[in-house]
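Protein chains in written order, with our numbering: chain A, 128 to 244; chain B, 7 to 118.
These are computed hints drawn from the structure, not numbers from a lab. Every residue gets a Cβ at the ideal spot worked out from N, C-alpha and C, and that includes glycine. Accuracy of the hints is not assured; some may be wrong.
[Stated by the list, open to error] Distance condition first, Cα-Cα at most 35 Å in a straight line; then the derived DSBU-like pairs of lysine-lysine:
no., chain 1, residue 1, chain 2, residue 2
1, B, Lys20, A, Lys176
2, B, Lys47, A, Lys204
3, B, Lys47, A, Lys195
4, A, Lys179, A, Lys195
[As the list claims (entries may be wrong)] Sample of chain B residues facing chain A (criterion: CB under 8 Å; computed from the structure):
no., residue
5, Gly22
6, Phe109
7, Gly112
8, Thr116
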Amino acid sequence: GNSVTQMEGPVTLSEEAFLTINCTYTATGYPSLFWYVQYPGEGLQLLLKATKADDKGSNKGFEATYRKETTSFHLEKGSVQVSDSAVYFCALSHGIAGGTSYGKLTFGQGTILTVHP
Amino acid sequence: GAVVSQHPSRVICKSGTSVKIECRSLDFQATTMFWYRQFPKQSLMLMATSNEGSKATYEQGVEKDKFLINHASLTLSTLTVTSAHPEDSSFYICSARGGGAFFGQGTRLTVV
Numbered sequence: 128g129n130s131v132t133q134m135e136g137p138v139t140l141s142e143e144a145f146l147t148i149n150c151t152y153t154a155t156g157y158p159s160l161f162w163y164v165q166y167p168g169e170g171l172q173l174l175l176k177a178t179k180a181d182d183k184g185s186n187k188g189f190e191a192t193y194r195k196e197t198t199s200f201h202l203e204k205g206s207v208q209v210s211d212s213a214v215y216f217c218a219l220s221h222g223i224a225g226g227t228s229y230g231k232l233t234f235g236q237g238t239i240l241t242v243h244p
Numbered sequence: 007g008a009v010v011s012q013h014p015s016r017v018i019c020k021s022g023t024s025v026k027i028e029c030r031s032l033d034f035q036a037t038t039m040f041w042y043r044q045f046p047k048q049s050l051m052l053m054a055t056s057n058e059g060s061k062a063t064y065e066q067g068v069e070k071d072k073f074l075i076n077h078a079s080l081t082l083s084t085l086t087v088t089s090a091h092p093e094d095s096s097f098y099i100c101s102a103r104g105g106g107a108f109f110g111q112g113t114r115l116t117v118v
């Protein structure tokens, strides 16, 4: 079955530090890959996504590249801010548009990021 | 982008009572919605797939008689936690399928 593995947290960084959160996946075929962010007490917000190999998703200074050869989708940001403190989830969707599994997500365990001033 | 509204955001109920959580797609129609449960400091686990006009599909280990799902219209799915117990306390999140997966803001259920 599908699975997603994220690096264990929590991750604590100083403001303006470089961030990497590792994510690897197991799936057959060609899943779409996502990073979601959850701020304290809130639901999930889509941060970025990539739908095919070598695609790079980017948003708010965050980036992740779909690497099929290493089955990875690591999240990076060059300079984190205090406001980036949140829980980050890597996820995959194996369904194709119109298929019954489309929109159904398998999540990693989440990584808590805390950024100090 | 597409908006999904979940209500209530927080609810406290007594043990043995039932609680209904609503998930609405505000600006698009969603024939399929998903319900997830998130335990403290853990990931989201898919509970069930809600299909408009038909029965929900539950994941293995999820009690369908305890977690009743109704998807009566193209914009609304409800999850009812019946005879709630303290172990049902959790964060419940819905998502609606509409060109992607769009999440509601979640419902924090506390059963006392």
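Okay, the hints, checked on the actual structure:
Annotation: proposed proximity of B/Lys20 to A/Lys176 is violated, straight-line Cα distance about 40 Å (limit 35 Å). Among the hinted pairs, B/Lys47 with A/Lys204 is consistent with the structure: their alpha-carbon atoms are about 23 Å apart, no more than 35 Å. Taking the CA atoms of B/Lys47 and A/Lys195, the gap is near 29 Å; set against the 35 Å cutoff, the hint holds. For a cut-off of 35 Å, the pair hint linking A/Lys179 to A/Lys195 stands: about 9 Å separates their Cα positions.
With its C-beta approaching chain A no nearer than about 27 Å, B/Gly22 sits outside the 8 Å limit, and its interface hint is violated. Interface hint status for B/Phe109: upheld, as the beta-carbon distance to the closest one in chain A is roughly 4 Å, under 8 Å. At about 4 Å, the closest approach between the beta carbon of B/Gly112 and any beta carbon in chain A falls short of 8 Å, and the interface hint on this residue holds. Hint on B/Thr116 is violated. Least Cβ distance to chain A is approximately 13 Å, over the 8 Å limit.
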